[in-house]
Amino acid sequence: DAGVIQSPRHEVTEMGQEVTLRCKPISGHDYLFWYRQTMMRGLELLIYFNNNVPIDDSGMPEDRFSAKMPNASFSTLKIQPSEPRDSAVYFCASSLGAQSYGYTFGSGTRLTVV
Amino acid sequence: QQPVQSPQAVILREGEDAVINCSSSKALYSVHWYRQKHGEAPVFLMILLKGGEQKGHEKISASFNEKKQQSSLYLTASQLSYSGTYFCGTGNAGKSTFGDGTTLTVKP
Numbered sequence: 004d005a006g007v008i009q010s011p012r013h014e015v016t017e018m019g020q021e022v023t024l025r026c027k028p029i030s031g032h033d034y035l036f037w038y039r040q041t042m043m044r045g046l047e048l049l050i051y052f053n054n055n056v057p058i059d060d061s062g063m064p065e066d067r068f069s070a071k072m073p074n075a076s077f078s079t080l081k082i083q084p085s086e087p088r089d090s091a092v093y094f095c096a097s098s099l100g101a102q103s104y105g106y107t108f109g110s111g112t113r114l115t116v117v
Numbered sequence: 059q060q061p062v063q064s065p066q067a068v069i070l071r072e073g074e075d076a077v078i079n080c081s082s083s084k085a086l087y088s089v090h091w092y093r094q095k096h097g098e099a100p101v102f103l104m105i106l107l108k109g110g111e112q113k114g115h116e117k118i119s120a121s122f123n124e125k126k127q128q129s130s131l132y133l134t135a136s137q138l139s140y141s142g143t144y145f146c147g148t149g150n151a152g153k154s155t156f157g158d159g160t161t162l163t164v165k166p
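Protein chains in written order, with our numbering: chain A, 4 to 117; chain B, 59 to 166.
No lab work stands behind these hints: they were computed from the structure.
Virtual Cβ for every residue (Gly too), placed ideally from N, Cα, C.
Fair warning: there could be bad hints in the mix.
Claimed, not checked - Among chain A residues calculated to face chain B with C-beta under 10 Å, some are:
{"hint": "1", "residue": "M18"}
{"hint": "2", "residue": "G31"}
{"hint": "3", "residue": "Y34"}
{"hint": "4", "residue": "Y38"}
{"hint": "5", "residue": "I58"}
{"hint": "6", "residue": "G62"}
{"hint": "7", "residue": "M63"}
{"hint": "8", "residue": "P64"}
{"hint": "9", "residue": "F68"}
{"hint": "10", "residue": "F77"}
{"hint": "11", "residue": "K81"}
{"hint": "12", "residue": "G111"}
{"hint": "13", "residue": "T115"}
Bound-form chain B, shown alone (with noise of 0.2 Å):
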């Protein structure tokens, strides 16, 4: 079953932070980030294993609680090339799906 990201879209301005999240109804072994900017593909960011664990990429963390089967993306101090559409991937039983995907816009 697909994940459920919120919120659909956030516009910031540089310097601003911004929190992407995902939820799942089913248990969760894995979840994974990506950015894709417009035309492009794509691009894996960070995976976060069972067992809580934060993970940092640049300005980009990101938490993963699987008792809750949920995990947070968090983009601090945010430039203007973290806009894109950010998607998290749910892993189970060896095959990922994907939420709808967040909309970031950063404006100077």
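Bound-form chain A, shown alone (with noise of 0.2 Å):
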């Protein structure tokens, strides 16, 4: 299996413009998670989804975030206007169930809004 992939690996961009982070979940996995990661806030949980349906959005910063799951194997994080304040690591995760399996994380999209 490849794991979960996400692309593109690095974002640089300026502020105002549009982002969209994408991430193919493992085959098979019924739960995918969007996990951003900076220095000062950690591992924040935005959204996540079980069958390809939102289960909990309480963690996305605010409307400029949007996130869908149009199928099994594609979800999409979108910024719009993204702000320099949103420069972090941005992971998708997938998982078996998702409290009696753990989480394969892809490599996360690094980024930058200048």
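Both chains are sitting in their own frames, so use the hints and assemble them into the complex.
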């Protein structure tokens, strides 16, 4: 298995631009999570899906952030408009069952907003 | 609520042992442990479910005491490859919240 695949690995964009991060979970995993990691705030859960349905988006910072999972093999996290404080590493993770199995993380997208 | 990890950082010599603790103020269903090396993604080590079970991975083992809402990670005879930041994740209602991490440095 190729694991969880994220793209792009690095993204540098100007403030105000739209940014789209992509994730392909492991086939057969029914949970997908988006996390953001910064030095100041650590690993923060933004949103998670179960069987393609968003379950909890209480961690999404504000309306500028949105996430979709149109099918079992693809998810996107969009930031529009982007701001410098959104600079972070964004990880996607998938799991077979959320509480009885560990998470497999993708390699992450390092986002820099200038 | 975020679990609390201690200590924040540990420096060891090869072959020494270490214990990393994780505690929560909320009742836990599961605890899972990850290691993250600089510039890489967290890698799953093990998960512990309700029942106080212990699990092992290489010379790394862990315990989970759900009554005390605590878990501990034991690293025995540490190797250079054990260096990294260790995170505990506490599972509840389908999602996991991660602690701030414990940075482990193993020196020759």
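Now the hints, each set against the structure:
1. The interface hint given for A:M18 is violated, since its Cβ lies 25 Å from the closest Cβ of chain B, which is over the 10 Å cut-off.
2. Hint status for A:G31 relative to chain B: violated, with the closest Cβ pair at about 16 Å, above 10 Å.
3. The beta carbon of A:Y34 is positioned within 10 Å of a beta carbon in chain B (closest approach about 7 Å), and the interface hint is therefore held.
4. Look at A:Y38: its Cβ gets to within about 8 Å of chain B, closer than 10 Å, so that hint holds up.
5. Satisfaction of the interface hint for A:I58 is found here, the shortest Cβ-Cβ separation to chain B being roughly 6 Å, below the 10 Å cut-off.
6. For A:G62, the shortest C-beta to C-beta distance to chain B is roughly 9 Å, which falls under 10 Å, so the interface hint holds.
7. A cut of 10 Å between beta carbons decides the hint on A:M63: the least distance to chain B is about 13 Å, and the hint is violated.
8. Taken as an interface hint, A:P64 does not check out: its beta carbon lies about 16 Å from the nearest beta carbon of chain B, beyond 10 Å.
9. Interface hint status for A:F68: violated, as the beta-carbon distance to the closest one in chain B is roughly 17 Å, over 10 Å.
10. A cut of 10 Å between beta carbons decides the hint on A:F77: the least distance to chain B is about 19 Å, and the hint is violated.
11. Evaluation of the A:K81 hint against chain B yields a violated restraint, the C-beta minimum of about 21 Å exceeding 10 Å.
12. A cut of 10 Å between beta carbons decides the hint on A:G111: the least distance to chain B is about 5 Å, and the hint holds.
13. About 15 Å separates the beta-carbon of A:T115 from the nearest beta-carbon of chain B, more than 10 Å, and the hint is not met.
Checked against the numbered hints given earlier, the structure breaks hints 1, 2, 7, 8, 9, 10, 11 and 13 and satisfies all the rest.
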